[in-house]
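Read off the chains here:
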Amino acid sequence: MLFFSVFKTLEGKEVVVEMKNGVELLGELHSVDQYLNVKLNNVRPVNADRFPQLASLRNCFIRGSVVRYISLSKSDVDVALLQDASRREAMKAN
Amino acid sequence: AELRERAMAAVKQPVDLVALSLDERVFVKCRGDRELRGTLHAFDQHLNMILGDVEETIREEVDGKTTERKREKEMLFVRGDVVILISPPVATQ
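So the protein lines, in turn, are chains A and B. Just so you know, the first sequence maps onto residues 1 to 94 in the working numbering. Just so you know, the second sequence maps onto residues 101 to 193 in the working numbering.
Chain B with its partners taken away, still in its complex shape (with noise of 0.2 Å):
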C-alpha cells in the first residue's frame, strides 16, 4: 500500500502511467490486429507484461469477411515488441 502511494507520487515518464494500472484490469491493443483484455501483474521499461485472467480478441480476414475469434488464458507472458497501446479498459465495454 505504501509502494502504490510512493508510485503514484513518481509519475515522470510515460512508462510510470502504466505503473499506476497494477493489479488493475488493462486493455492492450497489440500487432497483428489483437487485443488483450486482462489484470496487469507486471511490466517492465520494454512492457514486457505478465497479464491474468486474459482475454484475446483476434480480428481476421477470412474469405473477404472480418470475423472475431476470442480465447482465454489464466495467466500470460505478453513480449513488448508486439505492443501498441496499453490503458484501463475501455468504457463501453
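Excised from the complex, chain A in its bound form (with noise of 0.2 Å):
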C-alpha cells in the first residue's frame, strides 16, 4: 500500500501519466485507489502533435495496469520519508 499513500500525498499535483501506447497525459491528479488506478482532472496532452483526438479531453480515469511512467515533481516528495517507508514495508513482507 505504498505507493497508494504516496499519490494520496499528491492529490491536487501536476503530474504527467505516460501510458503504455507511448500517450502523455498532463493533469492534476484528482484521485487514486489501491489499484493505482488515476482520474486526471484539467487533462492537457504533452504530445497533441501525435494524438489530436486527445485535445477535447478534460478529466479522465486511467486503469492502473495500462501506467508505464508517472512524472513528478522533486518538490512534491520527500525523499528520506520515502527510503525509510520502502524499508519497513521490505522487512513487513519478510
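What the hints contain is simulated information worked out from the structure, not anything from laboratory work. Please note: incorrect hints may appear among the correct ones.
Result set (EDC-like, lysine to aspartate or glutamate): computed pairs, CA atoms no more than 16 Å apart in a straight line [said to hold, decoys possible]:
#: 1; chain 1: A; residue 1: Lys20; chain 2: B; residue 2: Asp133
#: 2; chain 1: B; residue 1: Lys112; chain 2: A; residue 2: Glu89
#: 3; chain 1: A; residue 1: Lys74; chain 2: A; residue 2: Glu14
Please read all numbers here as calculations on a predicted model, not as lab measurements.
Put the complex together from the two separate chains, hints included.
In C-alpha cells, the structure reads:
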C-alpha cells in the first residue's frame, strides 16, 4: 500500500502520466485507488501533434495497469521519508 | 542509519537485494527496449519504484536503423510490471 499512500499525498498536484501505448497526459491528480488507477482533471496532452483526438479531453480515468510512468516534481516528495517507508515495507514482507 | 543496518541484515528474498540500493544510483532495464538510470527512492514487492534524477534511454528502429533517444525526468514513478531487471549502475558507464 506504499505507493497508494504516496499518491494520496500527491492529490491536487500536477503530474504527467505516460501510458504503455506512449500517450502522455499532463493533468492534476484528482484521485487514486489501491490498484493505482488514477483520475486526472484539467488534462492537456503533452504530444498534441501526434494524438489530436485527445484535444477535447478534460478529465479522465486511467486504469493502473496501462500506466508505464508517472512524472512528478521533486518538490512534491520527501525522499528520506520514501526510503524509510520502503525499508519498512521490505521488512514487513519478511 | 539504523534502519539501513537492519535492512542489510535482513536479506532473505531477492526483493531484499533491491532494498540495499535505496538512495543509490540504479540501472533498470525495462520492457520496450528502455533503460533507466536514476536514484532509487522507493520500491515495493511489485517492483513499482520511484526514481530521482532519471535518464531514460529508448532504443528504436527508424527506417531500418537502430537509434537511441534520451529523456530526463527529475522524479519518476515506474510501474513494476514494465521492469525486467534492477542493478547497480553498469561499470562501463
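Hints versus structure:
no.: 1; hint: A:Lys20 <-> B:Asp133; result: holds, 13 Å
no.: 2; hint: B:Lys112 <-> A:Glu89; result: holds, 14 Å
no.: 3; hint: A:Lys74 <-> A:Glu14; result: holds, 12 Å
The structure meets every hint from the earlier list without exception.
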